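So the sequence lines, in the order shown, correspond to chains A and B.
If you number the first sequence the way the working numbering does, the last residue is 407 and the count never jumps.
If you number the second sequence the way the working numbering does, the last residue is 86 and the count never jumps.
Since the hints were made in silico from the structure, they are not lab data.
Here the structure is a predicted model, which means the values were calculated and not measured.
Errors might be hidden in some of the hints.
[To be verified] No farther apart than 25 Å at their CA atoms in a straight line, the calculated lysine-lysine pairs in the DSS-like style are these: (1) K60/B x K238/A; (2) K381/A x K238/A; (3) K81/B x K238/A; (4) K60/B x K301/A.
[Said to hold, decoys possible] From chain B, some residues computed to sit far from chain A (all C-beta separations above 10 Å): (5) R19; (6) G21; (7) G64.
[Claimed, not checked] Okay, the calculated beta carbon distance ranges per label pair: (8) E92/A x G51/B: 21 to 29 Å; (9) Y42/B x K255/A: 33 to 41 Å; (10) A196/A x D24/B: 23 to 31 Å; (11) T35/B x M320/A: 50 to 58 Å; (12) Y42/B x M119/A: 47 to 55 Å; (13) R38/B x N96/A: 45 to 53 Å; (14) E138/A x T35/B: 46 to 54 Å; (15) Y42/B x G128/A: 34 to 42 Å.
Virtual Cβ for every residue (Gly too), placed ideally from N, Cα, C.
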Amino acid sequence: MFGKYKPMWGEKTQLKSSYDAVIIGGGLHGLATAYYLAKDHGITDVAIIEKNYIGFGGAGRNTAIVRANQRTQYNVPLYKEALDLWPILTKELDYNLMFNNCGNLNLMHSEAAMKAARMTIATAQFHGVESHLIDAKEAKELVPALNISEDITYPIHGAMFHPPGGIVRHDAVVWGLARGASKFGVEIHQQTEATAVNTRNGKIVSIETNRGTINTNKLLISAGGYSAALIYGMVGIKLPISVLTIQAMVTQPLKPLLDHVVSSGAYHCYANQTLKGEIATGAHMDQWPNYTTQTTAHYIKHQGEALSEFMPCLRGLRFMRIWAGLADMTPDMAPILDGNDHIEGFYFNCGWGYFGFKSCSASGKYMAEFMAKGQAPDMIKPFNLRRYEQHKLMGETAELVTYTPNN
Amino acid sequence: MSLTITCPICGKRNGYEFRFGGEDKGPRPDEDSLTPQRWCEYVHLNECVAGVQKEWWVHKDGCGSWFTIHRDTVMNVEVAKPEADR
Ligand SMILES: Cc1cc2nc3c(=O)[nH]c(=O)nc-3n(C[C@H](O)[C@H](O)[C@H](O)COP(=O)(O)OP(=O)(O)OC[C@H]3O[C@@H](n4cnc5c(N)ncnc54)[C@H](O)[C@@H]3O)c2cc1C
Ligand SMILES: [Zn+2]
């Protein structure tokens, strides 16, 4: 028990002065991109530069929900592929990612919401993603803990049922990808902060870190909630991003009672039971940008009230832990995957908001292809930054998410 | 989360009485010769400063006025106007 332990990914290596590709951010997307750069494209001379430790960001703080029932034509196929990749990655990485495809139940609390769900379901079905509309009674059959009585604040009219989604163990994804990438020779440098990016004649030439300069002509910034500030600060590209703090919490462990991910927009609450038995539930955001990871008593109360209304059997439970992380929100709730445009050799991947866990497998795969070939693969072409000036916003949300003077 | 904001009319109040109104981007751009890029910048693009920024708030559950403050986004506290802006 007190024996020597071996690091799971590679030995500690010296930081070299040059790499074929450098990735800033040892989160989900950085690790996944490095893995696929090595595996699919033979680019193994790669350094991941991580300021803290891998999984420090959203990667280690998310509530691990995966699903593919997004809203619009470009997003559904990307998220579908991401979902399909979990069992494949589990085998490839030879690492148990604990994919529990228990299915997601998205509660609807009005006839208008049911109508909107029909549209989303039709889009999903068109793209080959399983999704159904069910009524309140059917929802109760799937999740007996639900309260389908009329006299709660938001009575349940029905639900969007998405059987293939569920939960993947988020830490396992971080560790599995790190191990997978380093087996190919990718170097992961923790406790290393990127501080500046140097360009010459519109091309990436090197980056500065607290451990020295690294030369490279392929750079990816994939630093989650920190990306927007880094990208503006280092290369002057402004992004349509607002960085908010998002919170989640878990209750004390219980015997199995909930075998679906249940979510409700009206109650602003989602919950699932982890394999350890805790009810993991989220997610509140205070509506102004900040880089703290503070939690709030206000939110604990809100969550207690919401859960005990639509799943009253949870009344009296104790919350064990509450935490927060950053969510980089875009106005159309779709990410920004871009590169080799504004600056040659410079790539960026951000704006995932609270959808960056479920998507990291596919996004890593396509960002790697993008970086290897210098051209955006069709799957992610529509996610470029220029869509905002071309008024081609994606409509992942019915109403733009803005934190501007206009609302 | 703990935050207080100083309304020019009502004084220092609980932050939850207010609504954030975006980074201060200066005056609305002129319609003449307005390009999609400039409009996009004004409407969508942010600097996302990790540090002190000038930003808009509205006293939603109070007097309703719009005003700017300086706030440190890392500490999440309102701060005095920096020297450079005075
Ligand atoms: C409470 C919460 C719940 C969530 N729930 C879900 C969910 O259920 N499903 C879902 O799909 N998504 C969820 N998300 C969102 C998801 O976690 C993020 O979108 C995702 O982690 C983003 O991945 P990333 O790789 O881009 O960034 P991160 O995982 O945040 O990693 C970024 C890394 O960059 C590093 N970094 C920052 N600055 C520097 C620098 N200067 N130099 C070097 N390194 C740097 C950081 O230390 C960090 O490790 C949730 C997020 C939170 C906070
Ligand atoms: Zn006021």
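Numbers of unmet hints, in rising order: 1, 5, 6, 8, 9 and 12
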